[in-house]
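*Asks:* Residue-level listing of the chains:
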Amino acid sequence: GEQVEQLPSILRVQEGSSASINCSYEDSASNYFPWYKQEPGENPKLIIDIRSNMERKQIQELIVLLDKKAKRFSLHITDTQPGDSAMYFCAASSTGGNNKLTFGQGTVLSVIP
Amino acid sequence: GPKVLQIPSHQIIDMGQMVTLNCDPVSNHLYFYWYKQILGQQMEFLVNFYNGKVMEKSKLFKDQFSVERPDGSYFTLKIQPTALEDSAVYFCASSWGGDSDYTFGSGTRLLVI
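Those protein sequences? They're chains A and B, same order as listed. At position 45 of the first sequence (counting the first as 1) the number is 45 in the numbering used here, and the numbers step up by one without a gap. At position 58 of the second sequence (counting the first as 1) the number is 1058 in the numbering used here, and the numbers step up by one without a gap.
Hints listed in this document are in silico derivations from the structure and should not be mistaken for laboratory results. Being a predicted model, the structure only gives us computed values, none of them experimental. Every residue gets a Cβ at the ideal spot worked out from N, C-alpha and C, and that includes glycine. It is possible that some hints are incorrect.
In silico DSBU-like pairs for lysine-lysine, Cα to Cα no more than 30 Å straight-line [what the hints assert, rightly or not]:
#1 A:Lys37 - B:Lys1078
#2 B:Lys1057 - B:Lys1003
#3 A:Lys68 - A:Lys37
#4 B:Lys1078 - B:Lys1059
#5 B:Lys1062 - A:Lys45
#6 A:Lys69 - B:Lys1062
#7 B:Lys1062 - B:Lys1078
#8 A:Lys57 - A:Lys45
#9 B:Lys1003 - B:Lys1053
#10 B:Lys1078 - A:Lys68
#11 A:Lys57 - A:Lys37
#12 A:Lys71 - A:Lys57
#13 A:Lys37 - A:Lys71
#14 B:Lys1057 - B:Lys1078
#15 A:Lys45 - A:Lys71
#16 B:Lys1003 - B:Lys1062
#17 B:Lys1078 - A:Lys45
#18 A:Lys45 - B:Lys1003
#19 B:Lys1057 - A:Lys45
#20 A:Lys45 - A:Lys69
#21 B:Lys1053 - A:Lys57
#22 B:Lys1059 - B:Lys1003
#23 A:Lys37 - B:Lys1062
#24 B:Lys1059 - A:Lys68
#25 B:Lys1059 - A:Lys37
#26 A:Lys57 - B:Lys1059
#27 A:Lys71 - B:Lys1078
#28 A:Lys68 - A:Lys57
#29 A:Lys69 - A:Lys37
#30 B:Lys1059 - A:Lys45
#31 B:Lys1062 - A:Lys68
#32 B:Lys1053 - A:Lys45
Just a sample of chain A residues kept apart from chain B, beta carbon distances all over 10 Å, derived [stated by the list, open to error]:
#33 Asp27
#34 Lys57
#35 Gln58
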């Protein structure tokens, strides 16, 4: 089955700087790549996603990049704020795979004021 | 936005007893999922369900686990009997289609003692 690797596991950045989280996947059939933000004790919330027909997508300060050839995708948070501090998970799924999400191991992002 | 409701939010149960986790998915969603999250780790797929049937289950979905959604009521995950290693947060999710993004519930925190 699909395996998703996510790095780094811990990321500390200064407020106002950029944060980048990288994920890789194995199954070339994967075609949907969502990113979730999870605060302590809360459920994961979708913040941005990208499908395989795109290479780049931006929503405000969030940018996701997808390199299908390398089977890598990444999340970039520009101009980080303390409210961005949380756990972030990448995931991958295949529409031919019963829409099952395989999650990365998570990144704990701390934005230092 | 539309929400997935999970009942109860917390459950403490003696090892060996049965527990039922209840999920009320988004009303027009057709696909339902259960994920298991151990503290500090990623969510792991357990099972998905469509049109009254299990579509796929992972190796985490032990023989003691079962799911059903009788007559459009709650989508339930039953564990009988429970084991200590079943302690985790269980997230229910639903999606409209087999290639659409999820809505996650707030989770049920299960503690088996």
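*Asks:* Of the numbered hints stated previously, which ones are contradicted by the structure, given in increasing order?
*Replies:* Numbers 6, 10, 21, 26, 27, 31 - these are the hints that the structure violates, sorted from lowest upward.
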